[in-house]
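Visitor: The residues making up each chain are set out below.
Number of protein chains: 2
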Amino acid sequence: MSYLERIAYCRRWDPDAYRPFMIEDATVGRVAHEFAGRLRAFPEVFGVSDRGVTVAPELADFESRSAAVAEVLRELERDGEVPHWRDEDYPVMRRWGEAPLMRMERAAVPRFGVRGFGVHLNGLVRGASGMSMWVAKRAPDKATAPGKLDHIVAGGQPYGLGVRENLIKECEEEAGIAPEVAARAVPVGAVSYRCERPEGLRDDVLFCYDLELPADFAPRNADGEVESFSLWPMDEVMARVRDTDDFKFNVNLVAIDLFIRRGFLAPDEPDYQAIWEGLRLPQEA
Amino acid sequence: MSYLERIAYCRRWDPDAYRPFMIEDATVGRVAHEFAGRLRAFPEVFGVSDRGVTVAPELADFESRSAAVAEVLRELERDGEVPHWRDEDYPVMRRWGEAPLMRMERAAVPRFGVRGFGVHLNGLVRGASGMSMWVAKRAPDKATAPGKLDHIVAGGQPYGLGVRENLIKECEEEAGIAPEVAARAVPVGAVSYRCERPEGLRDDVLFCYDLELPADFAPRNADGEVESFSLWPMDEVMARVRDTDDFKFNVNLVAIDLFIRRGFLAPDEPDYQAIWEGLRLPQEA
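For the record, the sequence lines run as chains A and B. The opening position of the first sequence corresponds to residue 953 in the working numbering, with each subsequent residue numbered one higher. The opening position of the second sequence corresponds to residue 953 in the working numbering, with each subsequent residue numbered one higher.
Excised from the complex, chain A in its bound form:
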């Protein structure tokens, strides 16, 4: 087991199994061939060919595209093709900060291989014997990765919310971190990956934040998504990331990024360059 295995999991996908999903000549996702076939049933909304799936050009703006696709998705949900409906929309675009081309129900995002954005918080505590990190255990009834280990706070980035705004909201809901404490969180970069998961093709950018919490703070979960929290010395976090897949797949990447940024991994260690290179996808044109 190794850090490189955790990274390899997050980069495993078969390009031949997908065709591009396009809006106005821009490729904004990837659709599995079988699902593309299913979308042929909606010719007013999707153009489906061997070369790709397009949103019908008649749906020429954000609102009309979003509304027409939402109607199709509701029908697919009734047929069990889009499980775990969230009632939460994601913006559809390749790069954070661009104008979204449409909005799309979160549960459908991996079915279309659309890029998802999220925010992950490293909750850190500085002590006499070094640094510790708060670890959450996900509730056993979560749709994604039930029972896996997680960050103290992590969440998807819904349409219409800034990253910091979302972080502060999630801090309160997921861990009972008051807004004035959450506001001290420092943005420290991001990780990105593309991998095949039960829910579809995950093509995500996760914005990472570090928050140093006081030693007497104890998180409490308000939304039922967390079973328990515990505070782990950093070497225990490192060993668990390195030697097991107990952490949710993408939490591993954010944690490894932390190990690199904070000097827990150093250039003279084996595989340093490959680990560091593996934490983000190449820039796209």
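Worth flagging that the hints you see were computed from the coordinates, not collected in a lab. Treat the hints loosely; a few may be bogus.
For identical chains, the list gives no copy identity; a pair is met inside one copy or between any two copies.
Here are the computed lysine to aspartate or glutamate pairs in the DMTMM-like style, where the Cα-Cα straight-line distance is at most 25 Å [stated by the list, open to error]:
{"no.": "1", "residue 1": "Lys1121", "residue 2": "Asp1039"}
{"no.": "2", "residue 1": "Lys1089", "residue 2": "Glu1033"}
{"no.": "3", "residue 1": "Lys1121", "residue 2": "Glu976"}
{"no.": "4", "residue 1": "Lys1121", "residue 2": "Glu1221"}
Fit chain B to the known structure of chain A by using the hints.
Guide: This is chain B only, laid out in the frame that chain A set:
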């Protein structure tokens, strides 16, 4: 002017102007076509074809390759084809930590487009009004980037030295930072780039370190490579990186990486994702 322009400079090169430089089937660099033609004069050492330049297979190990190529390079230096001889060897490999396939005079490394490794130190001072950074002005007689702004400490990674070992040596030589202070430097990741420069094709990985220095410390240069040092508030460093090319080309990348890691740039700012993606080359197979 913008951060993206600084990044674009470090990624500008013309793939059609080069052919691969190979050792034992591994591509370890890129040679400009004209220089490849020049290497035809040494058929015992280099095999030159349209498909690439190879080191002769008879030179089957590290020592024989290194010695034979060094002899050629000395001859090319006499003809003015390898200027600014350093008398310092770099290891030749694609990834830090791999066994080097040979060693090569530093001045020749960009002529062969071989990957160079280096170490850059952000010298930081925490004050009541925020963070400052030590900035060096390079001596006017430096072969590369004379008179440009630089890190307090930065250096190439010669053959046979560990990264931390090299950092501590450079700290003493370039800025008079005592080993016991330099030892507190924290490895925080790396940046990588490939770009055309007067000296050739630079294909570098720079390991980045942060060192928080006491407020009463003042650097002093011992090797004549620095004209002066000054301590700048971070917003001044940011403006100068963003709005000018006063900093040495690759120092900009390490500084921008610092801005991202320390929260001086945040996800909700424009271009954040493109800036963050631009700080490293994609992973190679």
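Visitor: Hint by hint, say whether it matches the structure.
Guide: Results for each hint:
| no. | hint | verdict |
| --- | --- | --- |
| 1 | Lys1121 to Asp1039 | within (17 Å within a copy, 58 Å between copies) |
| 2 | Lys1089 to Glu1033 | neither (29 Å within a copy, 62 Å between copies) |
| 3 | Lys1121 to Glu976 | neither (34 Å within a copy, 55 Å between copies) |
| 4 | Lys1121 to Glu1221 | between (38 Å within a copy, 19 Å between copies) |
Comparing the model with each earlier hint shows violations of hints 2, 3; every other hint is respected.
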